[in-house]
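**Student:** Here is how the chains run, residue by residue.
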Amino acid sequence: MDDKFKNQPTQSDDIVVDKPKSSWSDLWKFEDYWAIWLGILLLVAGMFIFFNNPPAEMNEKITKANATMQAEAERAPFKTIAYVEADEAKGKLKASDGDLAKTLANYLSRPKGWDSNPVPSFYLSEADAAAKSAAEAPKYEAAQEKTIAVRAAAEEAEAAAAAAGFQNTQLNKEADTAIDAWVAAKAAESKAKSGANVKPYNLIPTLIVLCVAFALFFAIGTRFMGRDVAGFLMGFPFVFLVAIIAYMMSNQGTMKAYGIEYVIWAIGLGLLISNTVGTPRWVMPAVQTEYYIKTGLVLLGASILFSKILLIGQAGIFVTWVVTPIVLICTFWFGQKVLKMESKTLNITVSADMSVSGVSAAIATAAACRAKKEELTLAVGISVAFTAVMMILMPAFIKSVGMHHVLGGAWMGGTIDSTGAVVAAGAILSDTAMYVAATIKMIQNVMIGVIAFGVAAYWCTKVECTPGAKLGFKDAMYEIWARFPKFVLGFIGASVVFSIIYSSMGDDVGKVLVDEGVIKGWTSGLQGWFFALAFASIGLATNFRELAKYFKGGKVVILYVCGQSFNLILTLLMAYLMFFVVFPGVTEKLMGG
Amino acid sequence: MSVYMRTAGGLQSPPAPKSKPKKWLSLLLGVLLIWGFVFVVAPLIDRVPAIGRAHGIVQDEGIEAGAFWYADVEKVGKAATFMRNVRDFAPSGAGTAGTRTDD
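One line per chain: the protein sequences are A and B, in this order. Residue numbers for the first sequence follow numbering that gives the first Met the number 0, beginning at 0 and rising by one. Residue numbers for the second sequence follow numbering that gives the first Met the number 0, beginning at 0 and rising by one.
Bear in mind the hints are in silico, worked out from the structure with no lab data behind them. Every residue gets a Cβ at the ideal spot worked out from N, C-alpha and C, and that includes glycine. You can take every hint at face value.
In silico contact screen, one side only, chain A against chain B (beta carbon under 7 Å); selected entries:
id: 1; residue: MET68
id: 2; residue: ALA75
id: 3; residue: GLU260
id: 4; residue: THR275
id: 5; residue: ILE311
id: 6; residue: SER359
id: 7; residue: GLY419
id: 8; residue: VAL422
id: 9; residue: ALA426
id: 10; residue: TYR434
id: 11; residue: THR438
id: 12; residue: ASN444
id: 13; residue: ASP506
id: 14; residue: ILE518
id: 15; residue: SER523
id: 16; residue: LYS588
Construct the complete structure from the given sequences, taking the supplied hints into account.
**Tutor:** Pasting the structure below:
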């Protein structure tokens, strides 16, 4: 064997490793490429479906709404009723409201919410739907009446303020407060309306269709990769069933409030099966963790839109794009040099999930550095456990010390791992805190593409390279290319293409066709299912004893705690500097918004 | 072929594989533990006032607390709209509205 590749890691079931030699046949034989082809197929289909079916008179409605908002913003020092209505009219424009889009959404439906009886997760009869609607009808009527009354009061207050030429601070404040009350009343009415208009549903037929569709979809690549297609098709329904139950459990009322998501349930249920009765042999051909994860990641790439990093201005960029890489690199260094962790891949996966954005960062980083599935499981488990605690403790702390809500929101957004928990923590405080926290976290989510690429590049140039090998430039480039996880190119490519499309459309149209179209109406649902399949596969293929050995010495928990402590301190410091010292105008605007 | 493990006490045979009934019992136990956590332990923890209050807000607002990607959380879209409006349509008309306060 050529000396250059003497220390080449060998193929194992735990990770995927590319062969050192590349050839054209890799394009249809390799899993990474199939993740790209399948991902591209779905993204192109999504663009075709949603870009060709914009809401009626979309551009005219956007122009009219923007003109109204601009005029009202110049007229009054607060958001007037006309301003709010124009904003809402714009917000109602969604490409996912079309008939075809709604049909697709039906087929991508996940099990629904339930409390003590799991049946409503899949089926609600007409009689039960009618009974639920009837029970909520009085509440809806009351909410409607309240909205009318509150709107009348808001109109009166606004007229009084306008009569004074908006020069009377007290009248302006009263009008602002009255309009806020009207907005809150409308939100309550909307919620009550949903409760009073419950539709019957039956997810069993659509789930069966989805199972068959996904099985055939992934079987295409399975066939070309020379794997057992019949075995895959036979085992797939079992893995899909574990994914369904994972979604069902994550939507149980208490579990949803705790933030125990489908990823944890998929791993947990898979582990339960594999470590008790054992995963049946006929299921194993369908246990394809990397295949599902890589395809899901290519789809995820389409929602990494670079224009979003500018949403909260330069202050947001410093809190996210400066602090996050520093925390990531310092934590990785700490894990290697101080804790002397045995596994670099475990170290970087945990460092990424803690410093960037939790589970999504863990998935992308683990795939980029070819971490073992047990390492990804551990990183996800630790992240979710600490997130559930921080979601409660941080807002309580912020409230108890009287921290400014813009600062508190930025702090939580930059430190709590998962987006949902960040929003929940922000909402516990106030709307402003929630808006800031959510935006900061969204900007961090956008970093995942860069992080994954950076980790992949670092790994194949510094970590996986043959120690002591002296390669010429051409050979070095060849080796880097051979080792580079190719699906990352699809992941980044999807991000770049969609970022360009979004920017060319402009924020308003981009929101309608991309955010509320391709992403929310298509890729988001698909990637969720693919990740559920991936984590179910991890659980079904993992021996609990193998997982337990990574806890040895508690180093991984110490790494997370130390890294997160550093993250908390640095993020708070940077958020304070940016929002109160360097860019105080941003904070003023946010408080007046 | 039998396989032996070297331990502090010398060579020992590995633990016998579980019988089928034991495996199914283990699965059932696992299911019961999950049931216990979901319907007993978690609701008990929710009785701690601060935790119950926080979870109550999450449930009332319909927040997807477990979602890990921004596109899966409805309120992130609202947050982005809020930020765009602050950037592009911040009210700046005559007079002042007074400073908004949050409690």
